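Enquirer: Top line first, the protein sequences correspond to chains A and B.
Just so you know, the first sequence maps onto residues 1 to 417 in our numbering.
Just so you know, the second sequence maps onto residues 1 to 164 in our numbering.
Hints in this document: simulated from the structure, not taken from any laboratory.
The model shown is predicted, which means the values in this text are computed figures rather than measured ones.
Glycine included, every Cβ here is placed at the ideal spot set by N, Cα and C.
Watch out, some of these pointers could steer you wrong.
[Claimed, not checked] Quick list of simulated restraints, FRET-style, between CB atoms:
1. K390/A to E123/B: 37 to 47 Å
2. K25/A to E123/B: 21 to 31 Å
3. E142/B to R46/A: 23 to 33 Å
Each chain, written out:
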Amino acid sequence: MSTISEKILAEHSGHREVTPGEIVKAEIDFAFMPDLTAALAFYAMRDMGISRVWDPRKVCILLDHIAPATNVTNASLQKECREISRDQGLSHFYDINEGVCHQVIPERGHVYPGMVLVGADSHTCTHGAFGAFATGIGSTDMGAAIGTGKLWFKVPETINVNVEGSLQSRVASKDVILRTAKELGADGATYCAVEFTGSTIDEMSVGARMTLCNMAVELGGKTGIVAPDDKTTRFLKGRVRHPYRPVHSDRDALYSRTVEIDGSGLEPQVACPHSVDNVRPVAEVAGTAVNQVFIGSCTNGRLEDLEAAAEMMKGKRVHRDTRVIVTPASFEVYEAANQRGLIKAFMDAGAIVCNPSCSVCFGGNHGILAAGEVSLSTSNRNFRGRQGSKESQVYLCSPATAAASAVTGVITDPREA
Amino acid sequence: MKIKGRAWNYGDDVNTDYIVPGIYLELTDPVEIGKHAMEGMDPEFSKKVRRGDVVVGGRNFGLGSSREHAPIALKAAGVGAVVAESFARIYYRNSFNLGLPALECPGVSRLIKTGDAVEIDLEAGTIRVNDAETIKIKPVPEFMQSILDAGGLREYIKLNRENW
Chain A
1 MSTISEKILA EHSGHREVTP GEIVKAEIDF AFMPDLTAAL AFYAMRDMGI
51 SRVWDPRKVC ILLDHIAPAT NVTNASLQKE CREISRDQGL SHFYDINEGV
101 CHQVIPERGH VYPGMVLVGA DSHTCTHGAF GAFATGIGST DMGAAIGTGK
151 LWFKVPETIN VNVEGSLQSR VASKDVILRT AKELGADGAT YCAVEFTGST
201 IDEMSVGARM TLCNMAVELG GKTGIVAPDD KTTRFLKGRV RHPYRPVHSD
251 RDALYSRTVE IDGSGLEPQV ACPHSVDNVR PVAEVAGTAV NQVFIGSCTN
301 GRLEDLEAAA EMMKGKRVHR DTRVIVTPAS FEVYEAANQR GLIKAFMDAG
351 AIVCNPSCSV CFGGNHGILA AGEVSLSTSN RNFRGRQGSK ESQVYLCSPA
401 TAAASAVTGV ITDPREA
Chain B
1 MKIKGRAWNY GDDVNTDYIV PGIYLELTDP VEIGKHAMEG MDPEFSKKVR
51 RGDVVVGGRN FGLGSSREHA PIALKAAGVG AVVAESFARI YYRNSFNLGL
101 PALECPGVSR LIKTGDAVEI DLEAGTIRVN DAETIKIKPV PEFMQSILDA
151 GGLREYIKLN RENW
């Protein structure tokens, strides 16, 4: 009667069974760090009296948050990351040309069902979309993980979010997770695993499931998780070399709470400033003028996201008072989008296409907002000042909503575009 | 262990962007990071705060990113502890890992206001406010307490390497 998360943690800590609340020490299968947190993790490891990582094949650094470097400070940090990677003999290192860690890590075959994966980035929960126990940790925890190959966890309770029915055209997994955020609130899943089930999830692509799991942390969750199926296997085929065994929740698994979402009746949703759970149907905020539209991030920078956006923008021009920034999540996505003519569609519409990176999302790279400006963003956080001035506002939405609004210059229901 | 200072109450939903805005994540020196503590809400905080002061929050303190820069900044700025109604989980772990107590205390954001004199007694699990009222803190979980007793996870691992 265990959930996926409980089974994975039990297996990795040498227990037959674990119960929520119990503290276990689990073996780590893979650990990765982006540019802004990696150096701190290695300082922590050194301070623990450990000079080498426990397994250089299972530790990886990626330069994604600021790419390419924008000043001497972050250029020096990136240089340090390259040196650490070389000195430690890490088998995998992804430089500024590769893309956002949460897209690159599964594309390069580092994620598989049943594993324990830790990342020094809060959106590591994204990888639960592959049936992994994946969670974001800070740099000191990461220092322990890379130095010893182990980390302690409090076994989380699991909340079941069950979504039934076929989504309407131009309604996406982003709308599902925003609706879930409204239901649970920004701390409704604190220290819980959030397991997504139901026919809507079964119908979703692996990429759409990544969007759901990506935002589990915005509900306070320790991880998001989706049971692996044939779609998962198809995505992983040719990428993952490590043997794996899919893990599923038992039929009588105990959930601390179940939330039912009506997938077929769901409208496009928007998270309004300044919190992720301040969610309304797009109709209620339609007409709000937007200065900047951002399409990208680990939440919504995948090929299917760019396709949904291009469908709205193809043959049209973005509004003259709205600047539009499109950032593919990875080089693989960038290349595929280019081959399919999506990049040209964005360029023809007057959007800027940036190189794969975290881009506008976290306010430390480019696309910074001035006071009084409004951003419509497909990313995952809309805290006050997140993308620039404290006097700016960020709304969160799906790629289709963002692109439809890019054309009109005001928040627009993509079903009416 | 006792922590004595003035309180700074920032209310509910103090996220990690407020504690250290994203633009400073490129910094690695705690002293430099500390200069930007709470800058997203109160740009003058690092100049006003004194060693031993206590940050008070409401619900979900530290929500958002995994950036350890957040507790690093508070600690480097001189903050002795954070007391809140509840904490987001990554922040909570990060704070204890650095040896900075993150203490849960129901109702605290209504009971303590900015400028109050506070004295936290970790052993007794109490906060004395303005030398008048005493508030109970929720007990620190045993495992977190052992990390705190060691002075943080770095020291804990050094001491317990063979049992880790």
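Enquirer: Which hint numbers doesn't this structure obey?
Expert: none
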